[in-house]
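**Student:** What follows is the residue order along each chain.
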Amino acid sequence: MGYDVAFIGHLDSVEAYREALEALRGHDCPPLTMERVHELIPRMEPMPICDVALRSAQGFDRRGVYVDVFLLPTPTLRAALAKVRAACRQAASTGARIGVLGGFSSIVGEQAGARLTDEFGLPFTTGNTLTAAVIATQAERAVSDLEAPTIAVVGAAGDVGSGVCRILHGKGLKLLLVGRAQSPLERLAVELPGQRVCSWAEAAPQADCAVLVASTIYGAISLERIRKHATVLDAGHPPNARPSPGLRYAMAGRVKHRHKPVGEIPQFIEQGGGAGEFHACLVEGEVLAYERRWEAFSTGRGNIRPEQAREIHELAQRHGIEPAPLHWMVDGLSGRLHEDAEVAAGS
Amino acid sequence: MLSPEHERYLPVHQVILSQAVTGESIAIRHMARMIGLSEDLDERLDLVADAARERAHLLSLRSVAADMGLALVAAPDPYWGEVGKAFDAFADAGDLDGCFIVQDVVLECYAITLYRALETCTEPFLAEQVRRIAGEEEQHLEHGIERVRQGLERDPSKVVARIEAANESVARVLANWVRVEDCEPICGVCGQVGGVCAKDDLRLLGMDLPGLQPAFAQLYGTSLRAAGLGAADVARWLARLIV
Numbered sequence: 001m002g003y004d005v006a007f008i009g010h011l012d013s014v015e016a017y018r019e020a021l022e023a024l025r026g027h028d029c030p031p032l033t034m035e036r037v038h039e040l041i042p043r044m045e046p047m048p049i050c051d052v053a054l055r056s057a058q059g060f061d062r063r064g065v066y067v068d069v070f071l072l073p074t075p076t077l078r079a080a081l082a083k084v085r086a087a088c089r090q091a092a093s094t095g096a097r098i099g100v101l102g103g104f105s106s107i108v109g110e111q112a113g114a115r116l117t118d119e120f121g122l123p124f125t126t127g128n129t130l131t132a133a134v135i136a137t138q139a140e141r142a143v144s145d146l147e148a149p150t151i152a153v154v155g156a157a158g159d160v161g162s163g164v165c166r167i168l169h170g171k172g173l174k175l176l177l178v179g180r181a182q183s184p185l186e187r188l189a190v191e192l193p194g195q196r197v198c199s200w201a202e203a204a205p206q207a208d209c210a211v212l213v214a215s216t217i218y219g220a221i222s223l224e225r226i227r228k229h230a231t232v233l234d235a236g237h238p239p240n241a242r243p244s245p246g247l248r249y250a251m252a253g254r255v256k257h258r259h260k261p262v263g264e265i266p267q268f269i270e271q272g273g274g275a276g277e278f279h280a281c282l283v284e285g286e287v288l289a290y291e292r293r294w295e296a297f298s299t300g301r302g303n304i305r306p307e308q309a310r311e312i313h314e315l316a317q318r319h320g321i322e323p324a325p326l327h328w329m330v331d332g333l334s335g336r337l338h339e340d341a342e343v344a345a346g347s
Numbered sequence: 348m349l350s351p352e353h354e355r356y357l358p359v360h361q362v363i364l365s366q367a368v369t370g371e372s373i374a375i376r377h378m379a380r381m382i383g384l385s386e387d388l389d390e391r392l393d394l395v396a397d398a399a400r401e402r403a404h405l406l407s408l409r410s411v412a413a414d415m416g417l418a419l420v421a422a423p424d425p426y427w428g429e430v431g432k433a434f435d436a437f438a439d440a441g442d443l444d445g446c447f448i449v450q451d452v453v454l455e456c457y458a459i460t461l462y463r464a465l466e467t468c469t470e471p472f473l474a475e476q477v478r479r480i481a482g483e484e485e486q487h488l489e490h491g492i493e494r495v496r497q498g499l500e501r502d503p504s505k506v507v508a509r510i511e512a513a514n515e516s517v518a519r520v521l522a523n524w525v526r527v528e529d530c531e532p533i534c535g536v537c538g539q540v541g542g543v544c545a546k547d548d549l550r551l552l553g554m555d556l557p558g559l560q561p562a563f564a565q566l567y568g569t570s571l572r573a574a575g576l577g578a579a580d581v582a583r584w585l586a587r588l589i590v
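Sequence lines, in order, name chains A and B. Here this note's numbering is used: the first residue of the first sequence is 1, the next is one more, and so on. Here this note's numbering is used: the first residue of the second sequence is 348, the next is one more, and so on.
It is possible that part of the hints are untrue.
[To be verified] Derived DMTMM-like pairs: lysine to aspartate or glutamate, alpha-carbon spacing no greater than 20 Å straight-line:
no., chain 1, residue 1, chain 2, residue 2
1, A, Lys-171, A, Glu-311
2, B, Lys-546, A, Glu-39
3, B, Lys-546, A, Glu-35
4, A, Lys-171, A, Glu-307
5, A, Lys-260, A, Glu-322
6, A, Lys-260, A, Asp-51
Read the hints as simulated data drawn from the structure, not as lab findings.
Isolated chain A (complex conformation) (with noise of 0.2 Å):
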């Protein structure tokens, strides 16, 4: 029986290489250090890692394969790219029916869009607008008991970015685009209206809650001038920001399933965040796997509207995979030290 769906995904740091590495190596083995993994996982190539058994709630079951891309947070774009369509070329020979881009390798999907489907005779998409449908999802949550509040996005010229902004734009939310290229802001901004550019150093204090999704290395935006009341929701891959003491932070952007995908090496498909929850950039290939859609659902570049990010998370939803509660880290430290059920019950 051939594979539904290939997952094209990649760990966020040298640590979580290492633990995924040591896990599967046993402990017989020497430990590897982490220098020794700094050298490895740019010269690994992207391979097939392991099955996923997947369950719908409506009882259906489908067949993965995670593929590993082995990129680190800081590649060159060029080292990138070319390692990305060597996970998609591994992807395609698995004889999946649909790729899925998660993390950093989604750059490929959103630059190369429906080229991919041409070379690799396979249909790839982004994950994103089931990402950009959950981040605002969980956005909404979060702010939910305040009074117009001002939700500052960070990354908003990005895909998932501008995708976050037009769903949170049709709530009526007010939004601060924040972003490093200032023309697609601006056209944003045009098309959103009422919703203005600024900077991070200007956005920050203003913001009661802040979106980062930024591509970018992990704790590159800093949290100082956040207001302390504000909450941040940090989805990037690796984590756009550190925690720092007294911020009620959370990892956004990840969904938890009713049946939990199983997959034989889960320290490479589970990735962070609390027991059972997975990167919805990843889960959107499963959602069209279960409907038999087998499309680049989310191609190209800022094209996310919010009738796509409804349909793709009412699939979700119908197949028992929603937004996952958001762990609140307090104090700088990292791990569940406050789970805010509210949200997790979406009330």
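Since the structure of chain A is provided, determine the placement of chain B on it from the hints.
**Tutor:** Just chain B now, with coordinates in the frame of chain A:
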């Protein structure tokens, strides 16, 4: 990068060619034992032809060494010894499939990896030879992959057990051989005792030493998956190669 005029250029080639000739001679020895284990005449004839090809490789490498004025040195070391013991364990048990896994899959993957790495950083006349040899070794690897595929159809658990054993006793030894750190107390590359290590010379030659283990793992993993082994099993085996 070392140039042919550099005084360290010749000794590193002496080490490389000596190891390559040793590897080819070990392949001939393995095939000779496999001929005795096979009960199929056509297979025995194929093994004779394969051994003759390895002989031709050995002679061409010898000839390159002679042209460069290099005397080949026998470099007995714990690595070849370990590989030989592992092969003999399969052969002594009359397990021809196990012998094919060691010789045509694991050892060929390793040989191809090293020949391909050398091809990019040596002189054109030697690069041409090793390119041709690597191409022929790839045919042996194809045969090994097909043999594993057939074995999986017959009895998957036996094949997995054989590969587990070959991975531990051969692939890990080979991967350790080209680990990045200098060798103590004996160098796996040059065989010299006392912390003398040829790896610096390989680096000077422009060889990406840290890339050898992943390149070997890559080819070996791709071959095992092509034979039909599961991605997770292969990932676990490969992870154990990294030193």
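**Student:** Which earlier hints can't be squared with this structure?
**Tutor:** Failing hints: none at all.
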